[in-house]
Structures are given as C-alpha cells and as structure tokens.
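Student: Turn these sequences into a full structure, and let the hints steer you where they fit.
With my numbering, the residue at position 420 of the sequence shown is 420, and numbering never jumps.
Among these hints, one or two may not hold up.
[Claimed, not checked] Straight-line distance between alpha carbons at most 25 Å, and here's what the computed DSS-like set of lysine-lysine pairs gives:
hint, residue 1, residue 2
1, K241, K274
2, K351, K556
3, K116, K272
4, K88, K241
5, K115, K274
6, K244, K274
[What the hints assert, rightly or not] DEER-style ranges, computed between Cβ atoms:
hint, residue 1, residue 2, range
7, I676, M410, 44 to 54 Å
8, D439, V31, 48 to 58 Å
9, P269, T211, 40 to 50 Å
Hints in this document: simulated from the structure, not taken from any laboratory.
Glycine included, every Cβ here is placed at the ideal spot set by N, Cα and C.
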Amino acid sequence: MASRTRRPGAAPGAPDGSRRRRLPMRLLLPVLVLVALMAMLMLRGYVHSEILADHRIRAEAATDKVPEKILDGGPVIDTRSGRATSLKLPDHRLVLTFDDGPDPTWTPKVLDVLKKHHAHAVFFVTGTMASRYPDLVKRMVDEGHEVGLHTFNHPDLSFQSKKRIDWELSQNQLALAGAAGVRTSLFRPPYSSFADAMDDKSWPVTEYIGTRGYITVVNNTDSEDWQKPGVRQIIRNATPKSGKGAIVLMHDSGGDRHQTVQALDRFLPEMKDKGYEFDNLTEALDAPTAHTAVAGPELWKGKAWIFLVQASEHITDVLVVGLSIIGSLVIGRFVLMLLLSGIHARRVRRKDFRWGAPVTQPVSVLVPAYNEAKCIENTVRSLMASEHPIEVLVIDDGSSDGTARIVEAMGLPNVRVVRQLNAGKPAALNRGLANARHDIIVMMDGDTVFEPSTVRELVQPFGDPRVGAVAGNAKVGNRDSLIGAWQHIEYVMGFNLDRRMYDVLRCMPTIPGAVGAFRRSALERVGGMSDDTLAEDTDITMAMHRDGWRVVYAEKARAWTEAPESVQQLWSQRYRWSYGTMQAIWKHRRALVERGPSGRFGRVGLPLVSLFMVLAPLLAPLIDVFLLYGVVFGPTQKTIMAWLGVLAIQVVCAAYAFRLDRERMTHLISLPLQQILYRQLMYVVLLQSWITALTGGRLRWQKLRRTGVVEAPGGPVPRQQARRESDERRPVG
Numbered sequence: 001m002a003s004r005t006r007r008p009g010a011a012p013g014a015p016d017g018s019r020r021r022r023l024p025m026r027l028l029l030p031v032l033v034l035v036a037l038m039a040m041l042m043l044r045g046y047v048h049s050e051i052l053a054d055h056r057i058r059a060e061a062a063t064d065k066v067p068e069k070i071l072d073g074g075p076v077i078d079t080r081s082g083r084a085t086s087l088k089l090p091d092h093r094l095v096l097t098f099d100d101g102p103d104p105t106w107t108p109k110v111l112d113v114l115k116k117h118h119a120h121a122v123f124f125v126t127g128t129m130a131s132r133y134p135d136l137v138k139r140m141v142d143e144g145h146e147v148g149l150h151t152f153n154h155p156d157l158s159f160q161s162k163k164r165i166d167w168e169l170s171q172n173q174l175a176l177a178g179a180a181g182v183r184t185s186l187f188r189p190p191y192s193s194f195a196d197a198m199d200d201k202s203w204p205v206t207e208y209i210g211t212r213g214y215i216t217v218v219n220n221t222d223s224e225d226w227q228k229p230g231v232r233q234i235i236r237n238a239t240p241k242s243g244k245g246a247i248v249l250m251h252d253s254g255g256d257r258h259q260t261v262q263a264l265d266r267f268l269p270e271m272k273d274k275g276y277e278f279d280n281l282t283e284a285l286d287a288p289t290a291h292t293a294v295a296g297p298e299l300w301k302g303k304a305w306i307f308l309v310q311a312s313e314h315i316t317d318v319l320v321v322g323l324s325i326i327g328s329l330v331i332g333r334f335v336l337m338l339l340l341s342g343i344h345a346r347r348v349r350r351k352d353f354r355w356g357a358p359v360t361q362p363v364s365v366l367v368p369a370y371n372e373a374k375c376i377e378n379t380v381r382s383l384m385a386s387e388h389p390i391e392v393l394v395i396d397d398g399s400s401d402g403t404a405r406i407v408e409a410m411g412l413p414n415v416r417v418v419r420q421l422n423a424g425k426p427a428a429l430n431r432g433l434a435n436a437r438h439d440i441i442v443m444m445d446g447d448t449v450f451e452p453s454t455v456r457e458l459v460q461p462f463g464d465p466r467v468g469a470v471a472g473n474a475k476v477g478n479r480d481s482l483i484g485a486w487q488h489i490e491y492v493m494g495f496n497l498d499r500r501m502y503d504v505l506r507c508m509p510t511i512p513g514a515v516g517a518f519r520r521s522a523l524e525r526v527g528g529m530s531d532d533t534l535a536e537d538t539d540i541t542m543a544m545h546r547d548g549w550r551v552v553y554a555e556k557a558r559a560w561t562e563a564p565e566s567v568q569q570l571w572s573q574r575y576r577w578s579y580g581t582m583q584a585i586w587k588h589r590r591a592l593v594e595r596g597p598s599g600r601f602g603r604v605g606l607p608l609v610s611l612f613m614v615l616a617p618l619l620a621p622l623i624d625v626f627l628l629y630g631v632v633f634g635p636t637q638k639t640i641m642a643w644l645g646v647l648a649i650q651v652v653c654a655a656y657a658f659r660l661d662r663e664r665m666t667h668l669i670s671l672p673l674q675q676i677l678y679r680q681l682m683y684v685v686l687l688q689s690w691i692t693a694l695t696g697g698r699l700r701w702q703k704l705r706r707t708g709v710v711e712a713p714g715g716p717v718p719r720q721q722a723r724r725e726s727d728e729r730r731p732v733g
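Tutor: Shown next, in the form of structure tokens:
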C-alpha cells in the first residue's frame with residue numbers, strides 16, 4: 001500500500017519554514033512510562049538514603065571558638081537572637097528523646113509504652129523515615145508528643161554547605177507538614193552528644209541553625225541503648241543523679257530496639273515513684289509549644305510529597321514482585337526449553353524415527369507477494385531447485401513495482417502468477433489456496449529462500465494423519481550487521497528452541513509465515529486464513545490446535561529470510577507481531593473454558609503463550625532497571641553478580657540452541673549487548689502494543705523495505721545479483 005506524502009514546504013505553524021516533527025504517541029507513552037518509573041526509583045532511593053546520602057563522620061576538633069557558657073551550659077541551645085544562650089531542665093523533670101525514627105516495628109511499641117504510663121516525649125525524626133511512615137508521625141502529634149527535626153538524610157552537617165543544610169531542614173519540614181500538618185522549631189544534629197562535646201566544626205553549624213529559627217537540643221543523659229547493654233544498664237545510664245532534670249537520649253529506630261522498649265516500661269514507673277515528671281521539652285521549660293500548624297500551599301506541598309513517596313514505595317514493591325515473577329518465568333522457561341528441546345531433538349534424530357509413510361506426492365507452494373521486486377526472483381529460483389515435486393503460485397497482492405512481471409518473465413515451469421487487487425496477506429493466501437492443485441500447502445514469504453531439501457523435510461510429518469500443520473526452521477539470512485546478529489540469536493534461541501518445547505507440549509503457538517505447511521483439509525475445516533488479527537500465522541495455528549490437529553516442528557526444513565535491517569523496520573515488524581499475538585490470544589480466549597482439544601490448548605497453550613510471549617517480555621526490562629539502579633546506588637557487587645548469573649543462564653541456553661542448530665558460536669559474542677539494548681526495544685514495542693490494545697487502536701500492515709540480499713547457503717541464486725543490490729542496504733538505525 002503506497003503511503004501518502006506531503007508536498008515539500010513549510011509545516012503548518014512553522015514560521016521559519018522548517019518542518020516540525022512531533023513525537024508520535026506510540027513513542028511518547030512508553031517513554032513517559034520509563035521516565036516515571038525511573039523517577040519513582042530515584043525518589044525511593046532518595047528516601048532510603050541511597051541517593052545523595054553522606055555517611056561521613058568528622059573526628060573531634062578543637063573547642064577554642066565555642067563559648068564557655070555553651071560548653072558548661074545545658075542541653076538546650078538557642079542562637080536565634082544572634083546571642084548564644086543555653087538552658088537546663090528544672091529538677092525532677094525528665095524529657096525522653098528518641099532519635100532516628102519513626103520505625104514501623106519499634107516506634108509503635110515505644111508509643112504504646114508511653115501511652116500506658118501517661119508520659120510525653122520528644123521524637124527527633126529524619127525526613128526519610130517520616131516520609132515513609134507518615135502515620136506514625138501523625139500518631140506522635142495526636143498523642144501529645146513533640147516532634148523535632150533530625151535532618152532528612154542524617155548527614156554530619158559539619159561537612160555540608162549552608163545550601164545543603166537548608167535543603168536538609170526544608171525537606172525534613174516538608175515531610176513533617178505532609179505527615180502531621182505541623183512545623184517544628186526543635187532541631188537535633190545527627191551524631192550529636194553533650195553540650196561540652198561541641199567543637200569548632202559543629203558550633204558554626206549550631207549558630208547557623210539558630211539563624212534559621214531553630215532551637216538546638218542535645219542531651220545530658222545518654223542511655224546508650226544503641227549498644228544494647230541490657231535492660232538494667234540502660235535504666236542505670238538513663239537515670240540522672242541527685243534528682244536533677246535531664247534530657248535523655250534513646251532511639252526508636254536504627255536496629256533492634258527491644259531492650260529500649262523493655263527498659264522504658266520499667267524506667268517510667270520507677271522514676272515516677274521517685275517524683276519525676278515526663279514532659280515534652282516545652283512543657284518542661286514552661287515555654288510555648290514548638291509546633292505550628294501548617295495550612296495552604298505549604299500543607300498541600302507536604303501532602304503531595306508524602307503521596308509521591310508512598311507511591312514510590314508501593315511501585316517499588318510492585319516492581320520487586322514483578323522482578324521475582326520475571327526471574328521465575330525466565331528461569332522456568334529456560335529450564336523447560338533445555339529439558340524439552342533436548343527431548344525433542346533426541347526423539348526426531350533417532351535413526352529409526354519416522355513420521356509415517358514417506359510423503360512423496362506433489363505439494364503447492366504459495367508465495368504471497370506485495371512489492372517484492374528485489375526478492376522475488378531469488379525466492380522463486382530457490383524453489384526451482386527443490387528436491388520435492390512442487391507447483392509454485394505467486395499471488396501478487398496489487399504490487400506497484402512489477403513483482404508479477406518479473407516472475408512471468410522468468411518463464412519457469414510449474415510457476416503460476418495469480419494477480420489480485422491489494423487485499424492483504426490473508427486474502428492473498430486464501431486466493432492461492434483456491435487456485436492450488438494439491439492437498440498439501442506450503443506457505444512462504446516473498447523475501448525468503450528455501451534450501452533444496454526444505455520442502456521435502458517440511459512435508460514429511462504429514463505421514464502422520466494427526467498432523468495438520470508443520471513449522472519450519474526460519475533463519476536470518478542477513479546476519480552480518482549487529483542488529484542482524486541480534487535477530488539471528490533471537491531466531492535460533494528464542495524461536496526455534498521455543499518451537500521444540502512447544503512441540504513436545506503440543507501447544508505450538510505459531511507456524512512462521514516464512515516457512516510453514518498445512519493440510520488443505522485442515523485449512524478448509526477452520527475456514528482458511530483469517531484477517532481478524534495482524535498475526536494471521538498465530539491465528540491459524542491456534543485454530544488448528546482448537547480443531548484437534550497436531551502442529552509439529554521440522555528442524556531440517558530450513559528457510560532463509562531477510563530480517564529488518566534498521567531499528568525503525570524492526571520496530572514496525574515486532575509491533576505488528578506483538579499486537580497480532582495479543583489479538584489472537586483474545587480471539588481464542590474461549591478455549592480456556594471449552595472441552596476437548598480446544599480446552600487442552602486453552603488451558604495449556606494460551607497461558608504459556610501469555611506468560612512467555614506477553615507478560616515476560618513486558619517485565620524483562622526490570623532486570624536491567626534494577627541492574628542500573630544497583631550498580632549506581634548499591635549494593636553494586638551483589639547486583640552485578642545477580643545479573644551475570646541471569647546472563648550465564650541465557651548463554652547456556654543460547655549455546656545449546658546454537659549447538660542443536662549447528663550454528664557457529666561466534667555470533668554469541670554480542671549476546672550481552674543484545675540483552676541490554678535489544679530487550680529495551682522489545683519492551684517499548686510490547687508496551688506500545690499494550691497501549692494500542694487497551695485504547696482500542698487499530699494497527700495496519702506495514703511493509704518492510706527489502707534489499708534482496710538473502711540466499712540459501714550453497715543455493716542456486718546468482719551471487720552477482722545479490723551484490724548489485726547490496727549497495728542499497730541501509731545501515732543499522
């Protein structure tokens with residue numbers, strides 16, 4: 001079908017006369033999905049301190065620049081007015097502080113104990129944890145506790161610039177606003193200790209924090225619960241001397257805190273019996289609350305942030321599940337392929353193996369052709385060397401390049417040309433079927449060449465009266481380019497190894513259009529070739545199964561086909577294949593609930609095809625996404641080893657497939673690169689097919705540009721003609 005072209009000139013709306021090209025929706029939507037996926041992963045890495053995290057801790061420094069009143073003062077430091085002051089707590093006032101949370105396991109237990117004993121505390125939360133567990137932050141505020149900032153990513157601020165400090169604070173406040181609808185004026189630096197531990201590196205940070213409106217809160221009693229010294233020791237460490245007031249440091253996150261929870265449950269009643277009160281910091285200092293309600297844009301920004309973080313968490317969880325699924329599918333498929341293809345090869349290669357009585361009667365070879373002028377002579381001449389008696393019908397489907405005239409001018413015996421107006425490949429095949437003289441029908445593409453033995457090998461399975469169709473061994477003829485080599489690997493490993501497996505399971509989903517054979521009676525029983533889908537070869541194969549016919553694979557029936565030579569051509573072809581496969585699965589979906597041969601195919605074949613040809617390729621890029629994420633953000637070594645493990649399995653399968661097909665192993669050198677690049681292209685194509693299917697879009701046939709360079713090894717096609725055409729080959733796009 002000729003495509004319409006726009007006359008030269010300026011595109012509408014282009015004032016400079018240049019053509020304005022829009023990104024087509026079929027590209028835009030997959031790209032947007034990938035960008036959104038990567039954005040969610042980056043956000044997840046950020047809130048898990050895997051991105052932009054700084055885990056350096058500065059050693060102690062001199063203290064000569066720190067005011068003596070700070071070093072000798074209390075744990076509450078206020079530099080907001082430009083002058084440094086410090087405060088101590090009144091006697092018998094204890095402020096319990098918990099750092100690094102909230103934690104989904106231990107924070108609820110701490111809150112339960114505090115509620116049980118009617119005590120308040122201050123929780124210095126990190127932005128990462130508050131973003132991930134906002135409900136716990138809200139519970140803290142709702143139950144009367146105070147919340148302070150502990151930065152977003154928990155870095156040592158003495159290493160950070162003022163810009164990074166502002167970022168840590170603002171992001172921490174953003175998370176707090178989204179989680180509980182409040183701001184706070186309390187701040188505790190990561191890795192802080194007593195006031196007398198302030199030094200010349202941390203003090204400037206404390207001063208700057210004050211200019212941003214925050215009170216710095218350290219501690220003067222350390223429970224040292226992070227060391228897990230035992231419940232009794234934690235209680236001893238947390239108990240102030242001589243009835244003095246204290247700010248007690250504890251942790252509700254960062255590891256196993258069961259000792260902290262147990263110690264707290266004993267510590268609270270014991271200290272209350274001694275006359276201590278457990279208050280918020282502002283309650284203990286008789287000061288206004290540290291919380292300020294947030295409203296308006298600031299509140300909605302916070303809620304949006306929490307929503308995005310939660311979405312990234314859920315999406316990542318789904319991706320991990322998807323990765324587990326695809327890992328299981330990939331490994332399961334490889335195991336099945338290795339096991340069942342080995343069984344198939346041993347069975348058909350036995351010296352005494354026979355399908356039945358030898359098939360010697362003539363067959364009809366149908367060659368549907370649309371604008372195949374560059375290929376058709378090679379195709380027809382390869383058939384003339386056939387070792388099996390044949391008639392050849394070239395069905396010209398309204399070609400505009402003289403395809404039919406070329407065949408007629410060859411003047412070959414037993415070759416007929418049937419002309420029709422352009423109606424599509426299924427109609428051309430049905431037209432050929434109506435004009436065929438014989439009971440066995442071989443179908444091939446107009447860009448394919450057969451070896452002399454191909455037809456003979458292809459029709460021998462019809463010696464078994466149960467066989468209704470036979471799939472041949474399609475091979476890539478133009479494998480000298482990188483993209484051709486990748487398709488060669490795919491054909492040998494993905495298609496032919498698959499066909500051996502499906503043959504043993506008796507649910508082969510597709511007879512390749514390049515090389516397949518059918519009983520005329522079987523074709524007529526299922527209504528011939530259908531144009532209901534874009535994958536008429538898959539459609540007819542599924543119909544054969546449902547009608548009770550066996551569909552088998554003939555490994556020696558080799559055909560050499562011209563694979564797409566540019567990314568655009570490959571895209572068009574695979575888009576049609578994947579979308580057509582989805583259409584065929586949907587068309588034959590009733591087989592799932594039917595009885596007999598149709599039900600068997602529906603409950604065995606359709607699930608396998610859906611898993612291995614639709615779901616698995618759609619999820620396969622997750623392996624590479626997590627590879628990239630793991631390499632960049634860690635754990636790098638484990639990630640690389642896992643990916644290499646999957647690659648090793650693929651190499652084993654590919655090597656076995658090449659050995660079965662007696663192919664040279666040198667092409668497998670490009671397998672790792674194929675797994676990284678080629679898989680992404682197939683993913684985008686499949687995603688585009690899903691989008692087309694879900695939106696009810698229609699996809700038309702796309703004609704690939706042919707070069708006519710393919711010929712069967714040792715075949716009769718003159719090589720000088722292939723060389724004449726070779727200068728028209730397009731480079732890999």
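Student: Would you mind marking each hint as holding or not holding in the structure?
Tutor: So, going through the hints one by one against the coordinates:
1. K241 to K274: Distance ~12 Å between K241 and K274 Cα, so the pair holds.
2. K351 to K556: holds (15 Å)
3. K116 to K272: holds (13 Å)
4. K88 to K241: With a Cα-Cα distance of about 14 Å, the restraint between K88 and K241 holds, given a limit of 25 Å.
5. K115 to K274: Distance ~19 Å between K115 and K274 Cα, so the pair holds.
6. K244 to K274: holds (12 Å)
7. I676 to M410: 44 to 54 Å: holds (45 Å)
8. D439 to V31: 48 to 58 Å: holds (51 Å)
9. P269 to T211: 40 to 50 Å: Because 42 Å falls inside the window, the suggested range holds.
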